[in-house]
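Peer 1: Just so you know, the sequences run in chain order A and B. Each residue of the first sequence is one higher than the one before, counting from 1440 in this note's numbering. Each residue of the second sequence is one higher than the one before, counting from 6 in this note's numbering.
Just so you know, the hints here were simulated from the structure itself, not pulled from any lab data. Where hints are given, some of them may not hold.
[Unchecked claim] In silico EDC-like cross-links for lysine to aspartate or glutamate, where the CA-CA straight-line distance does not exceed 20 Å:
| # | chain 1 | residue 1 | chain 2 | residue 2 |
| --- | --- | --- | --- | --- |
| 1 | B | Lys-118 | B | Glu-272 |
| 2 | B | Lys-100 | A | Glu-1756 |
| 3 | B | Lys-91 | A | Glu-1756 |
| 4 | B | Lys-100 | B | Glu-166 |
| 5 | A | Lys-1509 | A | Asp-1523 |
| 6 | B | Lys-185 | B | Glu-235 |
[Claimed, not checked] Partial pick of chain B residues on the chain A-facing surface, computed with a CB cut under 7 Å:
| # | residue |
| --- | --- |
| 7 | Asn-51 |
| 8 | Pro-53 |
| 9 | Asp-87 |
| 10 | Thr-88 |
| 11 | Val-102 |
| 12 | Arg-104 |
| 13 | Gly-108 |
| 14 | Ser-196 |
| 15 | Leu-210 |
| 16 | Thr-214 |
| 17 | Ser-215 |
| 18 | Arg-246 |
| 19 | Asp-255 |
| 20 | Arg-280 |
| 21 | Val-282 |
Ideal placement from N, C-alpha and C gives every residue a C-beta, glycine not left out.
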Amino acid sequence: MFHNSEWRADSTHNQIMAVTNTGQKPTNALVTLHYDNGEKSYEMQQTIQPGDQMFVNIANLIRNRVPDRKGNTLPADASFGTYDLRDLSPGLGSLMQGNLTLDSTFGFNAKPPYPACCPNLAPAWEVDEFEVLVNGDYGDPIEATDACTGGQVNISNLFNDWSSGNPSIATVTNTAVTGVSPGTTTANASGWVLEDGCVTVPVNLTNPVKVENAPSGEITEFVGTILITQGQFLMTLEPSTTSYDNHSVTESSPVLGTNACWWSTSGMVQYPVVQGDTWVVDQGGSAEHNQYGKDTIGFESGVVNLIQTQGAAHGVEFPCAINIHQSMNYDGIDLYVTNLLTQTVGSSTVTVCRAGVCSSTIPF
Amino acid sequence: MLKSMRALTVLAPLCGLISAQPTPRPSFLDRARIQHGDSVVTVTANAPLPLFQAIFAVRLEYGWQINFESAPCYSPFDVVDDTAPKWRAAHPNEKGVTRPAGGLFTGTFPEPKEASDPKAERLALSTLVEEYNATDNPGRYVLRVDSDGQFTVVGTEVKDESGALKQISPLLDTPLTLAKAPRSVYDTIKSILGALESATGSRVLFAATSSSLFRTTQTTTGGERVPARELLKQALANTNRTIQYDLSFDPDVPVYVLSLSPAMREENDGTGGRRLVPANASTREP
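Working from the sequences, and respecting the hints, build out all of it.
Peer 2: Here you go:
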């Protein structure tokens, strides 16, 4: 790819560009003229046979209002800008470009300005290893450093051969690695990349792929109370045959909950939701292998006391229940279970439940 | 079990309750309604605290993080009787309970072109607050734009026993000194609320029904003579979630209650229902 070269066409300047296919097969060239400070563009795409050339006379395009591939025309007052040249065909790039700029400001002068060559340095996938869940996707763009801008660019389109070391474990395409069954394999991609020195070279990339099962569910265990009226729970991910240790689970609320203990000055949330905690499996507190927690649910005693002492006068019927919907996601992606969290407040008792597992009746 | 709140209820200043007149229990909206016009959004709330109900609806409509501090209304010009008939029949000689005397509030603001545009959010909220202050609903409010770009609607005026508006010092303006030490966000919030009670005599309950995030997140929040609001937001920032707070006031006890919730946006789920989408944290220009 050549880009950010300048063009100029006005009453005393013009530029004629010649793009030659030096390869053995037809190729597809895309010349993009940028104007209006780069905010607008004009695109010409043409298939060039081996040995043939594509000519671009910029002044002619402007004067004759020649439409581009999208039907746009260059405005009559367009006079300068930049241009890019891209070879859209996969594989080895075979385009060579030459320019002739005409300047009659101080008499006739013609010179061939060569466009800047912008190699793609250090092409690689953005991760060292793909970790995907069965039936899960992981986007796999190949990126490189654009030597002209210093920025990272997606060069996946320069790779035309994508494969998996074992398609029964994972499939690999130019857009994603997809988990098929638990196991390990490799992702492979081959292409041609313009490297330092403006030489197009073959590049082969290989990355390890690890495919895992997401949890199929979890077992909830009540482990005790805190601040009298809050329940704490510990969860074990299933199936036990798979290790989920050091992975994360995150809660969210898919919909608003309900609060039958609420009244307008109670200060409680009328439509409760979870706060969005993230736990790491087998880390923190009393969590062991495949376990995470604790999940603390329910209002503490001060608020429960407020409900019990003020609620009835405001029309709250006992027992009243606070219901919260909690979705659990594995590694931030895979939803494996949705739970109902409840705290039920009686006039002198409290019960806290998670996924149907409840504390005993707490006298309060 | 001794229930301290029951004792408080009996001993609490009556705060105008004696003169609060029984009124028929009106039917309020469960949630404010939002209608989108050509270029204007109309919010219709009907609740004892209609501005809060309107703000709650706007939060969910746009996924905006908005803190809310209720004006601590207490006089019979701002609160009315809210005693349930059934309870009254069973307790004919006991003190009843009150609620803010609010009702219908309709506010309009320009439709934000981009929900994530802080200027549009600021215009919407300031317009709502201004329109609310022009009604007879209880409390007067201001919109504060905090140094971190967060928006907080703060109650600043209530009616006194004579019906005149009087300025109040928002509770969370109270400067506090809190030692910088590693603690959980939960313990930090409890420390802030404890310090507030010591400094002002006002009790503040912490009402979080899902509190794991605050128990597992560590912080070293602290400082000398820092407004309580700042300490609270510093602590919440450690969760890396867009957590918003609501501070309300129950004049019957009396007690303040602090609740927390993540900023969320509610959208159609494609099957006729509604679903919640987490609001993304964004860096805002003050």
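Peer 1: Compare the structure with each hint and give your call.
Peer 2: Now for the hints, and whether the structure bears them out:
Using a Cα cut-off of 20 Å, the hinted pair Lys-118/B and Glu-272/B holds, with the two alpha carbons roughly 17 Å apart. For the hint linking Lys-100/B to Glu-1756/A, the alpha-carbon distance of about 19 Å falls within 20 Å, and the restraint holds. Our distance criterion of 20 Å between C-alpha atoms is met by Lys-91/B and Glu-1756/A, whose separation comes to about 10 Å. For the suggested pair Lys-100/B and Glu-166/B, the alpha carbons sit about 19 Å apart, so the restraint of at most 20 Å is met.
For the given pair, Lys-1509/A sits about 17 Å from Asp-1523/A by alpha-carbon distance, which is consistent with the 20 Å threshold. For the suggested pair Lys-185/B and Glu-235/B, the alpha carbons sit about 14 Å apart, so the restraint of at most 20 Å is met. With a cut of 7 Å, the hint placing Asn-51/B at the interface with chain A is violated, because the nearest CB-to-CB distance is about 12 Å. Of the supplied interface hints, the one on Pro-53/B holds, with its beta-carbon coming within about 4 Å of a beta-carbon of chain A, less than 7 Å.
With its C-beta approaching chain A no nearer than about 6 Å, Asp-87/B sits inside the 7 Å limit, and its interface hint holds. Residue-level restraint check for Thr-88/B holds (minimum Cβ-Cβ distance to chain A is 6 Å; threshold 7 Å). Residue-level restraint check for Val-102/B holds (minimum Cβ-Cβ distance to chain A is 4 Å; threshold 7 Å). Checking Arg-104/B against chain A: minimum C-beta separation of about 5 Å stays under 7 Å; hint holds.
Contact between Gly-108/B and chain A, as hinted, is not supported at the beta carbon level, the nearest pair being about 12 Å apart and thus beyond 7 Å. About 15 Å separates the beta-carbon of Ser-196/B from the nearest beta-carbon of chain A, more than 7 Å, and the hint is not met. For the restraint placing Leu-210/B at the interface with chain A, the shortest Cβ-Cβ distance is roughly 4 Å, inside the 7 Å limit, so the hint holds. At a threshold of 7 Å, the smallest CB-CB gap from Thr-214/B to chain A is about 5 Å, leaving the interface hint in force.
Taking 7 Å as the C-beta cut-off, the interface hint given for Ser-215/B holds, the closest approach to chain A being about 4 Å. Hint status for Arg-246/B: holds, given a least beta-carbon distance of 5 Å to chain A, under 7 Å. Of the supplied interface hints, the one on Asp-255/B holds, with its beta-carbon coming within about 4 Å of a beta-carbon of chain A, less than 7 Å. Checking Arg-280/B against chain A: minimum C-beta separation of about 6 Å stays under 7 Å; hint holds.
Checking Val-282/B against chain A: minimum C-beta separation of about 9 Å lies over 7 Å; hint violated.
Checked against the numbered hints above, the structure breaks hints 7, 13, 14 and 21 and satisfies the rest.
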